Amino acid sequence: MSEFKKISRFFWMYLRHFKLQLAVVIVAVVASTYLQVKAPYYIGQAIQELANYAARGFKDNSEFIRIIWLLVIFYVLLAAGTFIQSILMAGISGRSTNKMRIDLFKKMESLSIRFFDSHKDGEMLSRFTSDLDNISNTLNQALVQVMSNVALMVGVTIMMFRQDVQLSIVTLAAAPFAIIIAALVIRKARKYVNLQQESIGSLNGYIDEKISGQKMIIANGLEAETVTEFLDYNQNVKKVSFKGQVYSGLLFPMMQGIALFNTAIVIFFGGYFALNGSIERAVALGLIVTFVQYSQQFYMPLTQISSQYSMLQLAFTGAKRVIEVLDEEPEVERPTVKAMYGIEKEVRLDHVDFSYVANKPILKDISITAKKGQMVALVGPTGSGKTTIMNLLNRFYNVDNGAILIDNVDIRDIELASLRKQVGIVLQDSVLFSGTIRDNIVFGKPEATDEEVIGAAKQAHIHDFIMSLDDGYETIVSDEHSIFSVGQKQLISIARTIITDPSLLILDEATSNVDTVTESKIQKAMEAIISGRTSFVIAHRLKTILNADYIVVLNQGEIIEEGTHEELLNLEGFYSELYHNQFVME
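Our numbering numbers the first residue of the sequence shown as 1283 and each following residue consecutively.
It is possible that part of the hints are untrue.
[Stated by the list, open to error] Straight-line Cα separation of at most 25 angstroms, SDA-like style, residue types lysine to any residue; simulated pairs:
| id | residue 1 | residue 2 |
| --- | --- | --- |
| 1 | Lys1492 | Asn1516 |
| 2 | Lys1653 | Met1672 |
| 3 | Lys1740 | Glu1809 |
| 4 | Lys1521 | Ile1463 |
| 5 | Lys1470 | Lys1521 |
| 6 | Lys1642 | Ser1394 |
| 7 | Lys1825 | Glu1843 |
| 8 | Lys1320 | Lys1301 |
| 9 | Lys1389 | Lys1602 |
| 10 | Lys1653 | Val1639 |
| 11 | Lys1642 | Lys1602 |
| 12 | Lys1320 | Tyr1357 |
| 13 | Lys1627 | Ile1812 |
| 14 | Lys1301 | Ala1433 |
| 15 | Lys1301 | Val1432 |
These aren't lab readings, by the way, just hints derived from the structure by calculation.
This one's a predicted model, so the numbers in the text were calculated from it and none came from an experiment.
Let the sequences and hints guide you as you build the complete structure.
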């Protein structure tokens, strides 16, 4: 399917819900077009009648007055038709883009982690802001004008040939030349308008990333370097935007110039035809005035469409970028999936291979078994594949080879919603959402009672702190007014996990970003949440996993050692060296 056809179908998918309103708009456009193309005829008649009135010694001007009143009525009706078009299109555009925004957000919520790992937050945000704004502006302003202008060109052409064939040919003589110029300029403009939106998306992504990491930038004194990088992104936006606007801006003056030149040609040939008798002198003045009006009306649509081309192209580019997201494949489930209600026996990784990018393996032949209620610890240097295993256990990604089995059932045969309901995750970077502390704790279980909330907070060793706040569990959480330390956020996120009562726990470096005192609290909270549950714990600080039932040591995506803490120390290998280095340093 061609790109234009695909984008047209996208717009129709939303506009088809407003067929009645669009029908009224089309009727209003046709009526307005008729009034517009008929008005020059009466203007010519009025001028001719005024000349005849003077020739009669300024006697009997009733016909002139009648024509003037007709023109007044025409222009009042024309204004009313334009008003109706504007009001209806404002409603259509607002409701259409609102539906697009809802569909885009719903689609985003159905996509896999893989999609978000490969798209910056700022790039996604730009689709909700600048892209949808461009679409809305075009639907509201440009769409009805394009319809009107096309109808006007057709109507003017018909009216001209009904009045005089010779002058019609003269008036249309420059049209092919204008169309060729417009096509050449539009081709160039399209390229740079597309680049403009892409560069704006990249700039938004950069800004979002730097705002999120501003504390780190300030702490490392990287403000100047950050500004320099921003200037590079901004310069690229400026460069492609300038070229896009130059080419788009060329269309209006070029079309305007051709229209004015064509007006002069019409006047010249009109006078010439009148002098040589091709046009009756009795109606020559009125006819020439009429065709001057028609000349301006015929080229006005080309001029207006040209002036709005930048807006049209931005809308098409925006639609293309929105379609890219809507066309993304959502997380797919096999047709025979079944619900998961807990873990009866074990969780097993069976000869798992995985790569984020083809031919660049991250995990190679990984086999790990965690019996029900066991704690399995994953240890290894950065990039060894520990977090990737977490991603696979929660089915953020699917394995390339092998399988992950829960009670001998491939997790690809388990309903995603029920799988993730049974898996609790505590990440090293905790996330709190806008709302109250209570809202954050019950995030995964909105129906939780107050007793459950307090119980989870007590288990996470955060209840006493919450009760020390003026509003307790109703304390507002927001980015603008954050009263929580990193450790307190982590304890709240642990309480959020506890309240969902998961069967499988994944703790990813849960104590890596906190001080020793807070680490002790988090460790107690972790022990409470781990007790009796199957769990995978990823840790750099080995003292947090000394009591693990089984420890797997990873390096470069492979298992190099495995066993209990004591067994691994006796091997005197990688784990033993890592352990002794950490405890010597501490």
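Hint-by-hint comparison with the structure:
1. With a C-alpha separation of about 14 angstroms, the suggested pairing of lysine 1492 with asparagine 1516 holds against the 25 angstroms cut-off.
2. With a C-alpha separation of about 17 angstroms, the suggested pair lysine 1653 and methionine 1672 falls inside the 25 angstroms cut-off, and the hint holds.
3. Distance check on the hinted pair: lysine 1740 and glutamate 1809 sit about 13 angstroms apart at the alpha-carbon level, within 25 angstroms; holds.
4. Distance restraint check for lysine 1521 and isoleucine 1463: the Cα-Cα separation of roughly 24 angstroms lies within the 25 angstroms cut-off, and the hinted pair is therefore satisfied.
5. Simply put, lysine 1470 and lysine 1521 have alpha-carbon atoms about 14 angstroms apart, close enough for the 25 angstroms limit, and the pair holds.
6. The suggested pairing of lysine 1642 with serine 1394 holds, with an alpha-carbon distance near 20 angstroms, which does not exceed 25 angstroms.
7. With a CA separation close to 18 angstroms, the supplied pair lysine 1825 and glutamate 1843 stays within the 25 angstroms bound.
8. Distance check on the hinted pair: lysine 1320 and lysine 1301 sit about 28 angstroms apart at the alpha-carbon level, beyond 25 angstroms; violated.
9. The hinted pair formed by lysine 1389 and lysine 1602 meets the criterion: a straight-line CA distance of about 15 angstroms does not exceed 25 angstroms.
10. Proposed proximity of lysine 1653 and valine 1639 is contradicted: the alpha carbons are some 31 angstroms apart, above 25 angstroms.
11. Taking the CA atoms of lysine 1642 and lysine 1602, the gap is about 31 angstroms. The hint is violated against a cut of 25 angstroms.
12. Distance restraint check for lysine 1320 and tyrosine 1357: the Cα-Cα separation of roughly 11 angstroms lies within the 25 angstroms cut-off, and the hinted pair is therefore satisfied.
13. Of the pairs offered as hints, the one joining lysine 1627 and isoleucine 1812 holds, with about 16 angstroms between alpha carbons and a cut-off of 25 angstroms not exceeded.
14. With a C-alpha separation of about 19 angstroms, the suggested pairing of lysine 1301 with alanine 1433 holds against the 25 angstroms cut-off.
15. For the proposed pair lysine 1301 and valine 1432, the alpha carbon gap of about 20 angstroms is at most 25 angstroms, so the pair holds.
Of the hints listed earlier, those the structure fails to meet are numbers 8, 10 and 11, in rising order.
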